[in-house]
Amino acid sequence: MKIINKKENIFFLLLFIFSLFLSHLNIFDFANQNTNPEYFIILITIMINSKSTNISLIRVFIMGLIIDFFIGVILGQYSFTLLIMLVFHKVYNHYFSVISEEHKGILQFFTILIGIICINLVAISNLDQGFDFINILLVLIFTFLALQIFQFLKKIFF
Amino acid sequence: MVARKSTKNLKLFVDTAVSIPTFLVLVIFCFILMGIDSRFNITKEIRKNFTIFTTPIYSIINAPNRIYKENLNFFSSKKILIEENVKLKKKLYALELANQTNITIESENKTLRQKLNLKKKYLFKNINSEIIRPSTKVNQRTVTINKGNNNNVKEGSAVINNFGLIGQIYSVYDNSSEVTSLVSEQFGVPAMLENGLQNSILYGNGQNLIIPFSSIYNKINIGDIYVTSGLDKIYPKGIKVGKVSSVIPTSDSQFVKIVIAPFTRPETSSQVTIITPTGTSK
Chain A
1 MKIINKKENI FFLLLFIFSL FLSHLNIFDF ANQNTNPEYF IILITIMINS KSTNISLIRV
61 FIMGLIIDFF IGVILGQYSF TLLIMLVFHK VYNHYFSVIS EEHKGILQFF TILIGIICIN
121 LVAISNLDQG FDFINILLVL IFTFLALQIF QFLKKIFF
Chain B
1 MVARKSTKNL KLFVDTAVSI PTFLVLVIFC FILMGIDSRF NITKEIRKNF TIFTTPIYSI
61 INAPNRIYKE NLNFFSSKKI LIEENVKLKK KLYALELANQ TNITIESENK TLRQKLNLKK
121 KYLFKNINSE IIRPSTKVNQ RTVTINKGNN NNVKEGSAVI NNFGLIGQIY SVYDNSSEVT
181 SLVSEQFGVP AMLENGLQNS ILYGNGQNLI IPFSSIYNKI NIGDIYVTSG LDKIYPKGIK
241 VGKVSSVIPT SDSQFVKIVI APFTRPETSS QVTIITPTGT SK
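Quick note, the sequences are listed as chains A and B, same order.
Under our numbering, think of the first position of the first sequence as 1, with each following residue one higher.
Under our numbering, think of the first position of the second sequence as 1, with each following residue one higher.
Bound-form chain A, shown alone:
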C-alpha cells in the first residue's frame, strides 16, 4: 500500500502546469527540427517512480486524455503511451530487481525510450510521416536532460 503524500501531489500538479507551458515553447528546437523534449513523459516517469503517489491504469488513462486535448496529434496518443509506460514499469519491476538508484536510472531511461517510441509511432501512422531516427534520438537526449532538471526541481521542492 502506497502512502499518499499531499505535498508530492501538489508538486506533480505544479509540474503538470509547468510541462503544459514548456510543451508550447520551442526551447530545444534545433536546426529547424522539432526536438522538443517530451515533458509529459518525464512527468509520468517521475510519478511512476515515486513511492508515495497512488497511480493506477485508469488515472494514467484519464491523464493521457487531458494531455491529448492540449498537445496530442490524435485522441488516445498519450493515453496509449502512458499506459504502455506504466505497464512496462510494472513488468520490469516484477521480473528484475530494482535495488539501487543506478538501476532506477536505467529503468527511467528505458521507460522514457518506450514512451518516445510509442508517441512517434502513433504520430507517424497518423500523419503519414517518415521515421526520422536522428530526430527521435535528439528528442531522447533532450528528454533525458530535462528529466535531470525535473528531478533537481523535485529535490529543491522537498
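Rather than coming from a laboratory, the hints here were simulated on the basis of the structure.
Bear in mind the structure is a predicted one, so any value in this text is a computation, not a measurement.
From the three backbone atoms N, C-alpha and C, an ideal C-beta is built for every residue, glycine too.
Incorrect hints may have been included.
Simulated DEER-style distance windows between Cβ atoms [what the hints assert, rightly or not]:
#1 A/Gln151 with B/Gly156: 30 to 36 angstroms
#2 B/Ser19 with A/Ile156: 47 to 53 angstroms
#3 A/His103 with B/Ser251: 32 to 38 angstroms
#4 B/Asn99 with A/Leu13: 54 to 60 angstroms
#5 B/Asn65 with A/Ile10: 42 to 48 angstroms
Take a look, some chain B residues computed to stay more than 10 angstroms from chain A by CB distance [stated by the list, open to error]:
#6 Ser19
#7 Thr43
#8 Ile57
#9 Phe74
#10 Lys89
#11 Glu96
#12 Lys110
#13 Asn199
#14 Thr276
Which stretches of chain A does chain B cover? Using the computed rule of at least three CB atoms under 8 angstroms from a CB of chain B, they are [to be verified]:
#15 68 to 82
#16 137 to 150
Chain A is already provided as a structure; the job is to place chain B on it using the hints.
Using the frame of chain A, we list chain B on its own:
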C-alpha cells in the same frame, strides 16, 4: 546458516500489481478513440469548443513578447526612429513607382482578357497576421498565428509572406489559427513553372516539395522556379513556391522525381498574410 533475504524486500518499488484485463480494455479503447478521431477529427472540434482552456496558455506564453513590443517605444532612441523613417520613405517611393507600372499592366491585362473572352479572375482578400507561440507543436509541423474566426479567417486559406507561399490554414479558433507548413506530408499545391508551362501538383515530404513522377520528356532543369497555378481557386496564380533543387531517376525509366526546395519556411518571418478567396471579378 544465513537466511537468504527475499528479492522482493530489496526492491525500491513493492507495488507491482497491474490488472491485465483493465489494461487490455483501456488499450483497445485508446485504439477506438484513435480510429474515431482519425475519421471524424474530434480533437479539432473539442479544441475549437474549449478554447477557454487553451487561450490563457497562449496568452501567458506570448505575454513577454507582447509586453516587449508594446513598450518598444520607450527603449527606441529618437535617432533610430528617424533613420528608420527615412528608409521607409525611400522604400515607399520605390514601391509607388513600381505600383504605377503594375496599374498600367493590370489595366492592359483586363482589356486583353475581355477581348479574348477569357474566364473570370478569382478575387482574394488579404489579412495580415503575426506568428505567435507555439511556433511549432509537438510532432506537428504547424505554426500558430494571431488571427482567427473573429477576423474572418477561413479554413483552407493560403498563407504567404514576402518570400512566397508558407502553407495553408488547418484549423481556426476564435483568436488564433493553425497553419500547416508547405513541406508537411499532408500538403499539396497545384503549381506550374514560371513561364506558365508544366502544370503539376507538388507534395510535401517533410523537408521539401516533390513531384513523385514527372515524365522525362518534360523540360525541367535544376534552378527552375515553380509558382502557384491558381487552378484550385484557393491560391492566387503566381505566388512563388520553390526552386527545383534536384532531379532524381525513378525505378521506371520513363519518369523522374523532381525535388523542389521551398523559398520560405514558416520560421523565416514573423509576419504573414492570409489570402482568402472572395469571389470572381466582373
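Now the hints, each set against the structure:
A C-beta distance of roughly 45 angstroms is found between A/Gln151 and B/Gly156, which places it outside the suggested range of 30 to 36 angstroms. For B/Ser19 paired with A/Ile156, a C-beta distance near 36 angstroms fails the hint of 47 to 53 angstroms. Between A/His103 and B/Ser251 the Cβ separation comes to about 50 angstroms, which falls outside the hinted range of 32 to 38 angstroms. Taking 54 to 60 angstroms as the suggested C-beta distance range, the pair B/Asn99 and A/Leu13 conforms, at roughly 57 angstroms.
With their beta carbons about 30 angstroms apart, B/Asn65 and A/Ile10 fall outside the hinted range of 42 to 48 angstroms. Not every CB of chain A lies more than 10 angstroms from the CB of B/Ser19, the least distance being 7 angstroms, so the non-interface label is violated. With a cut of 10 angstroms on Cβ distances, B/Thr43 falls inside the contact zone with chain A, its closest approach being about 5 angstroms. A cut-off of 10 angstroms between C-beta atoms contradicts the statement that B/Ile57 is not in contact with chain A; the least separation is 6 angstroms.
Taking the minimum C-beta to C-beta distance to chain A, about 26 angstroms, the non-interface status of B/Phe74 holds against the 10 angstroms cut. Listed as outside the interface, B/Lys89 is consistent with that label: its C-beta sits roughly 35 angstroms from the nearest C-beta of chain A, beyond the 10 angstroms cut-off. The beta carbon of B/Glu96 is kept farther than 10 angstroms from every beta carbon of chain A, the shortest such distance being approximately 36 angstroms. Distance check for B/Lys110 against chain A: the nearest CB is about 42 angstroms away, which clears 10 angstroms, and the non-interface claim stands.
At the 10 angstroms boundary, the C-beta of B/Asn199 stays outside the reach of chain A, the nearest C-beta of that chain being 24 angstroms off. With a minimum CB-CB distance of about 26 angstroms to chain A, B/Thr276 clears the 10 angstroms threshold, and the non-interface call stands. Counting residues of the region 68 to 82 of chain A whose C-beta lies closer than 8 angstroms to any C-beta of chain B gives 12; at least three are required, and the coverage claim holds. Note: the region 137 to 150 of chain A has 0 residues with beta-carbon separation from chain B under 8 angstroms; the three-residue rule is not met and the coverage is violated.
Hint compliance for this structure: hints 1, 2, 3, 5, 6, 7, 8, 16 are broken, all remaining hints hold.
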